[in-house]
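K.L.:
Based on the sequences and whatever the hints tell you, model everything.
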Amino acid sequence: MPELPEVETVKKGLNELVKGCQIRRVEVLYSKMIDNVTADTFKRALTNKKILRIDRRGKYLLFRFNGQITMVSHLRMEGKYDVETEGAEPGKHTHVIFHLTDGRELRYNDSRKFGRMYLIHNGEEHTLSGLGTLGPEPTSDDLTFSYMKKIMNKSRGKIKPFLLNQSHIAGLGNIYTDEVLWMSKIHPEQQTNLISDDKIKLLRKNIIKEIKEAIKGHGTTVFSYKNAFGESGSFQNHLHVYHRDGQPCERCGTLIKKIRVAQRGTHFCPQCQKVVKVDND
DNA sequence: CGATATGTTGTGAG
DNA sequence: CCTCACAACATATC
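Counting from 1, one number per residue, gives the positions in the first sequence under my numbering.
Think of the hints as simulated: they come from the structure by calculation, not from any bench. Treat the hints with care, as some may be off.
What the hints assert, rightly or not - Here are the simulated lysine to any residue pairs, SDA-like style, with alpha carbons at most 20 Å apart:
{"#": "1", "residue 1": "K19", "residue 2": "A45"}
{"#": "2", "residue 1": "K50", "residue 2": "N15"}
{"#": "3", "residue 1": "K43", "residue 2": "V26"}
{"#": "4", "residue 1": "K277", "residue 2": "N193"}
{"#": "5", "residue 1": "K32", "residue 2": "L62"}
{"#": "6", "residue 1": "K277", "residue 2": "K212"}
P.N.:
Next up, the structure:
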């Protein structure tokens with residue numbers, strides 16, 4: 001289940017494998033995968049186009065083509081790109097195949113069929129509902145303390161769903177959200193606007209650090225995530241709370257609890273992470 | 001067989 | 001407008 005670091009890893013892999021390649025033909029085997037245009041329009045628009053490079057914004061991949069065309073791709077839960085030599089055994093979950101002129105195929109595989117692709121003209125990113133409202137990237141340049149303070153002070157909801165909201169900060173998913181809240185000693189159900197400036201600073205620092213380190217480790221993967229090279233992520237060894245319910249907290253030894261917050265499995269240490277009613281530390 | 005898991009959008013209630 | 005819950009998407013796994 002790719003979050004931002006996994007998508008970044010996929011982006012880098014694709015740039016090494018298919019940047020500069022030309023598409024001879026596109027096959028769409030599951031047309032609901034293509035969201036904002038018909039499968040026919042999609043196929044026609046990309047045929048004979050050259051992949052100039054692949055960019056990333058939040059969890060979105062942006063394939064840049066000549067002719068000012070961008071294919072936007074969101075992997076959602078299980079989407080993967082694989083590069084195969086032509087004629088290789090087609091996977092059971094292969095939904096889109098980009099036949100390249102060099103005899104290889106770029107395939108989109110997705111066992112859940114939740115992923116989506118969109119076709120836009122460059123500069124029209126704002127017309128897509130998710131991409132258009134994305135918050136800043138979780139880097140020290142983009143995610144400033146003053147921005148965090150401003151939006152957090154306006155929010156009366158719980159911090160966990162706040163962080164999962166991609167229009168606040170781009171790229172945090174369920175795993176990293178639990179991790180950064182544990183690192184910052186903030187309860188996932190803490191009311192957002194009651195978090196102190198010191199805690200906001202700490203949270204900001206941890207988000208930036210965690211994402212950066214996860215990218216270095218090729219993305220987490222609790223289960224079985226593989227990048228375009230077929231490498232598993234190595235970051236799973238680094239998880240402190242996610243999927244560790246019943247195990248002792250690394251800081252205080254209290255058993256990690258799992259609860260449901262905003263309909264999502266949520267892991268935290270009941271000793272280190274307390275709800276505070278007033279802004280006081 | 002039923003519960004659960006994950007990301008996101010859309011819709012409707014309050 | 002904000003916040004929340006829930007359905008929907010489709011499938012694998014416990």
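K.L.:
Are the hints correct? Go through all of them and say.
P.N.:
Here's how the hints hold up against the structure:
no.	hint	in the structure
1	K19 - A45	18 Å, holds
2	K50 - N15	13 Å, holds
3	K43 - V26	5 Å, holds
4	K277 - N193	10 Å, holds
5	K32 - L62	19 Å, holds
6	K277 - K212	32 Å, violated
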